[in-house]
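Participant: For reference, the chains in residue letters:
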Amino acid sequence: MEFGRLFELFIAASLINNFVFTRYLGLCIFFGVTKKMDTAIGMSVTFTSVMVISAALNWIIYKFIMIPLGLGFLEIVIFIGVVAGFVQAADTIMKKVSPGLYYKLGIYLALITTNCIILAVPLLNAGEGYNFIQSMVFGLGSGIGFSLAMIIMASIREKLELADVPKSFQGLPISFIITGLIALAFLGFSGLITL
Amino acid sequence: MADIKKEHELLVSVSPHIKSEETTSRIMWTVNLSLFPALLMGLYFFGPKALFITALCIISALLSERIFQKVLKKKPTVNDGSAFLTGLLLGMNLPPSLWSFNPFMIHVPIIGSVIAIVITKQFFGGLGYNIFNPALIGRAFLLISFPKAMTIWTTPTAAFFALDAKTTATPLGILKEEGIGKLIEAFGDKVNLYTQLLIGHRAGSIGETSVIALLIGAAFLLYKRYITWHIPFSFLGTAALLAWVFGGKNLETGKMLLFAGDPIVHLLSGGLILGAFFMATDYVTCPTVRKGQIVFGIGCGALTMLIRIKGGYPEGVMFAILLMNCFAPLIDRAMKSNVFGAVKEKKK
Amino acid sequence: MSNAENKVSYIGLIKNGIFAENPIFRVALSLCPAVAVTSGVKNGFMMGLAVLFVQVMVNVTTSVVRKFIHPKVRIPSYMFIIATWVTVTDLSMAAYVRDVYAQMGLYIKLIVAFAIILSRAELFASKHKVTPSFFDGLGMGIGFLFALVIIGFFRELLGKGSLWGYPIVNTKPLLIMILPTGGFFAVGILMGLFNWIDMKFFGGGGASGGGH
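Chains as they are written, first to last, in this note's numbering: chain A, 1 to 195; chain B, 1 to 348; chain C, 1 to 212.
Hints are not guaranteed to be accurate.
What the hints assert, rightly or not - Straight-line Cα separation of at most 16 Å, EDC-like style, residue types lysine to aspartate or glutamate; simulated pairs:
no., chain 1, residue 1, chain 2, residue 2
1, B, 310, A, 8
2, B, 255, B, 178
3, B, 190, B, 262
4, A, 104, A, 161
5, A, 159, B, 332
6, B, 336, A, 158
7, A, 104, A, 91
8, A, 167, C, 198
9, B, 148, B, 262
To be verified - Negatives, chain B to chain A, calculated, CB over 10 Å:
no., residue
10, 24
11, 37
12, 62
13, 78
14, 152
15, 229
16, 241
To be verified - Covered by chain B, according to a simulated footprint, are these stretches of chain C (three or more residues, beta-carbon under 8 Å):
no., stretch
17, 164–176
18, 179–191
Please keep in mind that the hints were generated in silico from the structure rather than gathered at the bench. Every value quoted in this text rests on a predicted model; they were computed, and no experiment measured them. Note that the Cβ used here is the ideal one computed from N, Cα and C, for glycine as well.
Let the sequences and hints guide you as you build the complete structure.
Facilitator: Structure follows, in C-alpha cells:
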C-alpha cells in the first residue's frame, strides 16, 4: 500500500502538478535553456540529481536541527544556504573527480541556485510534512516532471526555428504561448489521482 | 516594415510539408468533403441548430484567418481550405445543445474559432508550422472556459431551440458513472446498443456520433492515400486492447475487473473514430516518420483509455491527441536517426 | 547603465525600471510570479509591493555594506541579505494580510530566488551610493508592480468578471484565464503587444533577450 501511495505521489508531482505547467515555477530556467536540445538535456540530468539530493539533505536538516531548535521561521535562509552550499560543493567535487562531466554539466550547476523549484521542493516538503522517503520521491517526481517539460519544450522550439512567427512575438512571447498550449493539454491529466 | 514583408515571402515557400499550393488546397478540400457524410448525419439527428453552430464556426474561422493576414500584410490563404477544415472540425466537435439552455452563448463557437486560428495557427506562422491541432485546441479552450455549456448533452432531436430535447448523458458518461449494465439498459439490449452507436443515434458532439458515416469518409481518404493506416489503426488497436483489458468493472465492488471490458462500446462511442481518422492524422501535427506515426498512434490510444478509465473526464480523445502533439517533434527527433539525446533521455 | 556614476537622474532611474528595463516585459527575469500570482489584481498588487519593498531594502543594504564585502564572497553575501529581507516580508505578511498570504505564501518565500533582485544588487547597488541605489530599487520595484497589475487586471476581468474582488459583470466570461494556461497566454500576448508597440511607435528592436 505504501508503495502505491509513493507511486501516486510521484505521478502527481511529475504530471498532474507539473511544476512548470501548474505551479508556474522554474520559468526563468525553463525558457532560458530550452533553446537547444543539448542544453535542455544537460540541465535535466543535473537538475534531477540536485533536486533529489537537496530534498534529502534539507529534510534531514529540517527534522534534526531546525525543529528541535525551533528555527522553523528561518526556513528560507537555511534552505537557500543548504542548496547554495551543496551546489558549491558539488561543483568543486565534480571538477576534481570528473572533469569531463564537469565540462558538460558545470555551467548548469551555477544556474541552479537561483532556481525557484530547487527551493520550492524543500519548502513544500516541510509544509506538507512528508517523511524522508516521501520527500525524496517528491523531489524525484518534480525533477522528472521538470525535465520532461524542458525536453518537450526544446523539441518544439527546435521545430519552430523555421517557422514564420510574427516579429513582435518571436522569442519569449511565443514560448509563453507554447507553454500555455502544453499546459492546456496537460489539463487532461487532472483528476487522474486524487491525493 | 518592408524588410519584414520580404522575410515573410521568403519563408512561405520553404515550408517542409507542403509540396505546392495546388496540392495542399486539393487535399484540404478533399478532407472537407470526406467529413460531409458525418456532418449530414449530425444535422439529421440534431436539426438546424447543429447547422447553425457549424456554420458559425466555419465563418468565424475564415474571417479570423483573413483579418489576421490583412493586419500582418501576409499573403491571404483563406481559399486553401485549411481554415474551413478547422472551423468544420471545431463545429463537429461541439455539443449541439450549446445554447439550448442559454441563447446568449452565441459567442462560444466564435471564441473557439479565433483561438484555433489566431493563437494556435497564425501565431506560429500559419499552416505547416502549428504544433497543435487548431480545432482541438479551440475545443479544449472552450471546455475549460465554459465547463457547463460544453458538457450539457441532449437526446437527438431535430428541433431548432430544442425546448423539447431532454438532457441526457453521453454513452461514455453513463459508462463512467453507472457502468455497462446501465448503458445496455438505456438502449434496450446489446445488439440495439451497437447498431444505434454505429448509426449515431445517441447524445454526443455534432459530428462524432455517426460512426458509419465517418468510416465512409475515412475509407475514401485511405483510398485516395491522403491518410495512411499507421496512425488510425495503431490508435484504435491500442484503445480496443486496453478497453478489453482494463475496461471491465466488478458491478458490486466497483473495482477493476481485468479482461472483461467491452472494446466495441469504447470504439463506437465518444470521438474516437473522428479523432483517429481525421484529427490525429493531421499532417502538420503528427510525426513524419512512419515508425514514429505508429508510436504516436499507440500513445494516443493509451492516453485516451487512461483518461477514460482513470481520469477526471469521461472522454479522453481530445486531450490524448493534444498531449501526443506535444511529443510529436520529440518522436520525430528520436526516430529520424540515432541521436544521442534519445538515449540519454531514457537513462534518467 | 547609460547613466554615469556621478550624474544620475532619479526620475530617469524610475522610468528605466518601468519602461526600458521593465523586469518582466523587457528584461524577462523573474517570470514565475508574473504567472503565478496574477490571477487577480489584488494578489498581483500585493506581490508587487512585497517585491518593491525587498528590492529597495536589498539595494540600500547592499549599497551601505558594499565597501566591507570582499569581492570573492559577494554573491553569498547578497543572497544572505536578500534571504533576510524576504524573511522579514514573509513574516510580516503572514501576520498582517492573512487572506492574501494564505493564497500566495509559497511565492512570497520564493522572492528569495528571483533573479531580478540579485541582479540589481550585483549590477547597480554594489557600484553606486545609497540614494541612487534606493531609486533604482524603487524604479525596478514599480516596474515589476506595474507589470503584475496589468496582467492581473486582464486575467481577473476575463476570468472572474471582477476587479480587486468586486464584481463587474455577472458571469465568468472566460474561466480559463485564471488557470495556469490562461496565465501563460496572457503574459505571452501582453509581451508580444509590448514588443509590437515598442517597434511600431518607438522604433525599438523588439524581442527581448529571454533571461536565465
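Participant: The structure should be examined with respect to each hint, and the outcome stated for every one.
Facilitator: Hints and how they fare:
1. Proximity of residue 310 of chain B to residue 8 of chain A is assessed by CA-CA distance (about 13 Å); at most 16 Å being required, the pair is judged to hold.
2. Distance hint between residue 255 of chain B and residue 178 of chain B is fulfilled; the C-alpha atoms sit about 13 Å from each other, no more than 16 Å.
3. This hinted pair checks out: residue 190 of chain B and residue 262 of chain B have alpha carbons roughly 11 Å apart, not beyond 16 Å.
4. Taking the CA atoms of residue 104 of chain A and residue 161 of chain A, the gap is about 24 Å. The hint is violated against a cut of 16 Å.
5. The straight-line distance between the Cα atoms of residue 159 of chain A and residue 332 of chain B is roughly 10 Å, inside the 16 Å bound, and the hint therefore holds.
6. Between residue 336 of chain B and residue 158 of chain A, the direct Cα distance comes to roughly 14 Å. Compliance with the 16 Å bound is thereby established for this hinted pair.
7. About 12 Å separates the Cα atoms of residue 104 of chain A and residue 91 of chain A, which keeps this hinted pair within 16 Å; it holds.
8. This hinted pair checks out: residue 167 of chain A and residue 198 of chain C have alpha carbons roughly 12 Å apart, not beyond 16 Å.
9. About 29 Å separates the Cα atoms of residue 148 of chain B and residue 262 of chain B, which puts this hinted pair outside 16 Å; it is violated.
10. Here residue 24 of chain B stays apart from chain A, with its beta-carbon at least about 16 Å from theirs, past the 10 Å limit.
11. At roughly 29 Å, the least C-beta separation between residue 37 of chain B and chain A is larger than 10 Å, which holds for a residue marked as non-interface.
12. Every CB of chain A is more than 10 Å from the CB of residue 62 of chain B (nearest about 20 Å), matching its label as outside the interface.
13. No beta-carbon of chain A is positioned within 10 Å of the beta-carbon of residue 78 of chain B; the least distance is around 17 Å.
14. With a minimum CB-CB distance of about 19 Å to chain A, residue 152 of chain B clears the 10 Å threshold, and the non-interface call stands.
15. The Cβ of residue 229 of chain B sits about 25 Å from the closest Cβ of chain A, beyond the 10 Å cut-off, so the non-interface label holds.
16. Look at residue 241 of chain B: its CB is around 20 Å from the nearest CB on chain A, clear of 10 Å, so calling it non-interface holds up.
17. For the stretch 164–176 of chain C, the stated coverage by chain B holds: 3 residues have a C-beta nearer than 8 Å to a C-beta of that chain, and at least 3 were required.
18. Only residues whose beta carbon comes within less than 8 Å of a beta carbon in chain B count, and the stretch 179–191 of chain C has 3; three or more means the coverage holds.
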